[in-house]
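A.B. asks: Here is how the chains run, residue by residue.
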Amino acid sequence: MSTEEQLLEEVTGSEYKYGFYTDIEADKAPPGLNEEIIRFISAKKNEPEWMLEWRLDALRKFEKMKEPKWANVQYPEPDLQAISYYSAPKQKKQLDSLDEVDPELLKTFEKLGISLDEQKRLTGVAMDVVVDSVSVKTTFKKTLAEKGIIFCAISEAIQEHPELVKKYLGTVVPKTDNYYAALNSAVFTDGSFCYIPKGVKCPMELSTYFRINEAGTGQFERTLLIADEGSYVSYLEGCTAPMRDENQLHAAVVELIALDDAEIKYSTVQNWYPGDKEGKGGVFNFVTKRGMCERNAKISWTQVETGSAVTWKYPSCILKGENSIGEFYSVAVTNNFQQADTGTKMIHLGKNTKSTIISKGICAGKSNGSYRGLVKIGPRAENARNFSQCDSLLMGSSCGSHTFPYIETQNKSAKVEHEATTSKIGEDQIFYCNQRGIGEEEAIALIVNGYCKDVLNQLPMEFAVEAQKLLAISLEGSVG
Amino acid sequence: MLKVSNLHAGIDGNEILQGIDLEIKPGEVHAIMGPNGSGKSTLSSVIAGREDYEVTQGHIDFEGEDLLDLEADERAHKGIFLSFQYPVEIPGVTVTNFLKTAINEMRKAQGLEAMAANVMLKKMREKMALLEMDKGFLSRSLNEGFSGGEKKRNEIFQMAMLEPKLAILDETDSGLDIDALRIVANGVNKLKTSKNAVLVITHYQRLLEYIVPDYVHVLHKGKIVKSGDKNLALELEEKGYDWLKEETTV
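Line order of the protein sequences matches chains A and B.
Take my numbering: the last position of the first sequence gets the number 480, and nothing is skipped along the way.
Take my numbering: the last position of the second sequence gets the number 250, and nothing is skipped along the way.
If you're looking for bench data, these hints aren't it; they were derived computationally from the structure.
These numbers come from a predicted model, not from an experiment.
We put the CB at the ideal spot given by N, CA and C, even for glycine.
Please note that the accuracy of each hint is not assured.
[Stated by the list, open to error] Keeping only pairs whose Cα atoms sit at most 27 Å apart, straight-line, the calculated DSS-like set for lysine-lysine is:
id : chain 1 : residue 1 : chain 2 : residue 2
1  : A       : K453      : B       : K192
2  : A       : K453      : B       : K221
3  : A       : K345      : A       : K61
4  : B       : K123      : A       : K453
5  : A       : K366      : A       : K167
6  : B       : K239      : B       : K195
7  : A       : K69       : A       : K265
8  : A       : K453      : B       : K230
9  : B       : K165      : A       : K453
10 : A       : K69       : A       : K351
11 : B       : K108      : B       : K223
12 : A       : K345      : A       : K280
13 : A       : K424      : B       : K151
14 : B       : K190      : B       : K165
15 : A       : K351      : A       : K280
16 : A       : K28       : A       : K61
[Unchecked claim] Covered stretches of chain B, going by a simulated chain A footprint (3 or more residues, C-beta under 8 Å):
id : segment
17 : 38-50
18 : 61-68
19 : 91-99
20 : 105-112
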């Protein structure tokens with residue numbers, strides 16, 4: 001009950017809620033992209049030689065690549081030489097308790113509504129907070145350590161668990177996968193690392209909160225998550241950024257590895273700054289997310305995308321092992337001048353592999369939303385099954401919604417189903433709600449949440465609440 | 001309670017209501033009958049505050065307040081309920097969730113706290129029993145895949161939950177078989193008190209056998225051409241509307 005009420009109460013100020021700037025002294029690299037910068041980053045992070053080599057190799061490959069143009073989005077090409085690739089809040093020593101964290105930083109978290117204290121005490125969520133590329137604090141480490149779970153910043157994992165990082169980094173998303181993945185491989189400054197040992201069910205939701213703070217910095221985080229045989233983990237990722245006039249670049253790479261019989265649930269609520277009502281500013285969100293499923297493994301991606309000026313993102317599953325399962329649940333909202341080209345790829349390689357795609361697009365204002373998805377059935381994927389449902393909800397008459405489903409099958413026993421609908425929020429629906437005493441904004445929130453229910457139901461409880469609020473806030477004032 | 005005076009209203013420049021006068025007092029049941037296109041549904045929409053309709057002349061006064069100054073949701077907060085002729089579907093929103101939102105929005109507008117979940121649930125069960133509804137109903141998406149009869153029953157269920165002062169039943173009998181009609185009418189009768197009022201809009205006399213009106217008004221070409229008691233409805237049933245049409249055009 002309180003979910004809806006909270007939601008309704010919060011639907012009052014339509015401006016971007018997270019637009020503040022924290023005054024923390026930052027340790028920042030000079031702008032530019034070259035070998036020297038890579039060496040600078042690697043040195044800053046005290047990285048071993050093999051890591052530096054890996055980065056330099058990625059840089060050399062990147063330099064031969066061109067920015068892709070196939071997505072249904074338009075934006076000025078970011079000037080990669082104008083970006084500073086490293087910005088860390090200036091605090092050197094390892095922290096043991098929250099008391100040691102910069103109070104300014106703690107204030108930032110409070111404004112975000114993710115006060116670590118509260119998180120620790122109330123929700124039992126372990127989180128790794130990444131502010132401008134450096135992990136500040138990982139909570140609940142001890143509880144996790146008892147189970148043998150490793151959950152830390154990737155930079156720490158490079159130092160402490162080089163064998164795991166070396167074995168898996170770049171195996172699901174190779175350096176040369178695409179332009180921005182190559183860039184990320186060269187310059188990534190931080191991100192999260194997670195390893196769940198054999199047979200372990202992770203006892204809590206693991207969570208990372210990303211936030212772009214410093215002006216003129218890009219965020220290139222790298223996430224590597226390994227679920228060993230028979231293990232289970234649910235991982236949450238939330239993102240916000242302060243308001244700025246200039247566009248900020250965010251090019252992350254997330255790699256998931258689900259070994260035999262393992263299950264990974266990966267949920268994202270993305271709320272980067274979308275730009276103002278005239279389309280000025282906002283984050284360019286070019287992300288590569290992919291998971292590898294071994295035998296009987298399952299990877300489930302759930303995303304609620306309300307932010308960013310331009311989004312370009314396709315969380316995918318490679319269903320390599322027999323009987324493996326891939327799922328993709330997505331809500332993508334675009335308003336004002338936002339553009340989103342998002343979807344998934346389900347690559348069926350093993351026998352009896354199954355995938356489900358539920359995509360709900362919501363377009364308002366002058367925005368443009370596209371679903372782009374590929375279902376590929378390889379020659380050895382006997383009895384592969386896919387079900388896709390792609391719905392679009394339009395608000396007003398100046399927005400656009402597009403669906404680009406690609407299906408490639410090389411095995412006759414495959415069964416692939418695709419359903420698509422496009423609908424509008426009707427004045428009839430709104431009047432009906434009004435007549436029952438429900439005001440217009442609340443009515444829209446109710447209708448939109450109903451439309452997205454299949455996806456929101458996939459999110460862990462506290463995230464679902466946040467997602468509902470975000471949906472309402474992003475769409476405020478969009479029906480006139 | 002409700003006082004409509006010289007109401008002129010229309011849509012897209014066509015004047016449909018051409019001077020309606022109607023007064024409803026607490027405890028009364030009024031019926032408005034009339035042939036298709038006479039303006040019955042327009043009247044209910046205008047009272048409920050549908051934006052598509054433009055009021056060009058006249059007033060609607062509800063408990064001393066000018067209704068025309070209020071938005072549709074504010075009118076609902078004042079206690080006006082419309083049972084829709086064609087209830088819309090809202091996919092993914094359960095009957096429970098919808099009602100919970102509606103009730104608490106109403107309460108918020110009246111400065112009351114949200115209703116406790118257990119109290120609400122108890123009330124829902126009670127009202128469902130009254131309308132002989134199945135429990136599974138609460139978790140279904142609002143009106144989605146409902147039969148015509150289920151939709152109408154759901155409207156009256158909402159009415160029972162919201163306890164309005166004035167309930168307007170717009171063609172509630174259409175789409176109902178005789179058993180469902182009896183149940184729905186029985187529900188409406190049980191909810192009737194000396195403090196609330198009902199305005200029944202219908203084409204046929206059938207419903208009025210169950211919900212017995214104190215007054216019957218005949219609407220024709222946007223005007224009330226004849227008013228009387230329940231016998232007027234019987235007369236209409238017998239003679240049709242044509243004699244009235246002739247009478248009024250003379």
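A.B. asks: Hint check: K239(B) vs K195(B), CA-CA at most 27 Å. Holds or violated?
C.D. replies: Violated - the C-alpha atoms of K195(B) and K239(B) are around 35 Å apart, more than 27 Å.
A.B. asks: K345(A) and K280(A): Cα distance at most 27 Å?
C.D. replies: violated (31 Å)
A.B. asks: Is it true that the CA of K345(A) sits at most 27 Å from the CA of K61(A)?
C.D. replies: Roughly 24 Å between the alpha carbons, so the hint for K345(A) and K61(A) holds.
A.B. asks: Holds or violated: K424(A) and K151(B), Cα atoms, limit 27 Å.
C.D. replies: holds (22 Å)
A.B. asks: Between the alpha carbons of K453(A) and K230(B), is the straight-line distance 27 Å or under?
C.D. replies: Roughly 48 Å between the alpha carbons, so the hint for K453(A) and K230(B) is violated.
A.B. asks: Is the coverage entry for the segment 105-112 of chain B by chain A consistent with the three-residue Cβ rule at 8 Å?
C.D. replies: holds (count 3)
A.B. asks: Within 27 Å, alpha carbon to alpha carbon, are K123(B) and K453(A)?
C.D. replies: Cα-Cα ~26 Å, so holds.
A.B. asks: Regarding the pair K108(B) and K223(B), is the alpha-carbon distance no greater than 27 Å?
C.D. replies: violated (38 Å)
A.B. asks: With a cut-off of 27 Å on the C-alpha distance, tell me whether K69(A) and K351(A) pass.
C.D. replies: Status violated; Cα separation ~34 Å.
A.B. asks: Verify the coverage statement for the segment 61-68 of chain B against chain A, using a C-beta to C-beta distance below 8 Å and requiring 3 or more qualifying residues.
C.D. replies: violated (count 0)
A.B. asks: Has the given pair, K366(A) with K167(A), been kept, meaning a C-alpha gap of at most 27 Å?
C.D. replies: Given that 27 Å is the threshold and the Cα spacing comes to 45 Å, the pair is violated.
A.B. asks: Please verify whether K453(A) and K192(B) have alpha carbons no more than 27 Å apart.
C.D. replies: The given pair, whose Cα atoms are some 37 Å apart, is violated under the 27 Å limit.
Of the hints listed earlier, those the structure fails to meet are numbers 1, 2, 5, 6, 7, 8, 9, 10, 11, 12, 15 and 18, in rising order.
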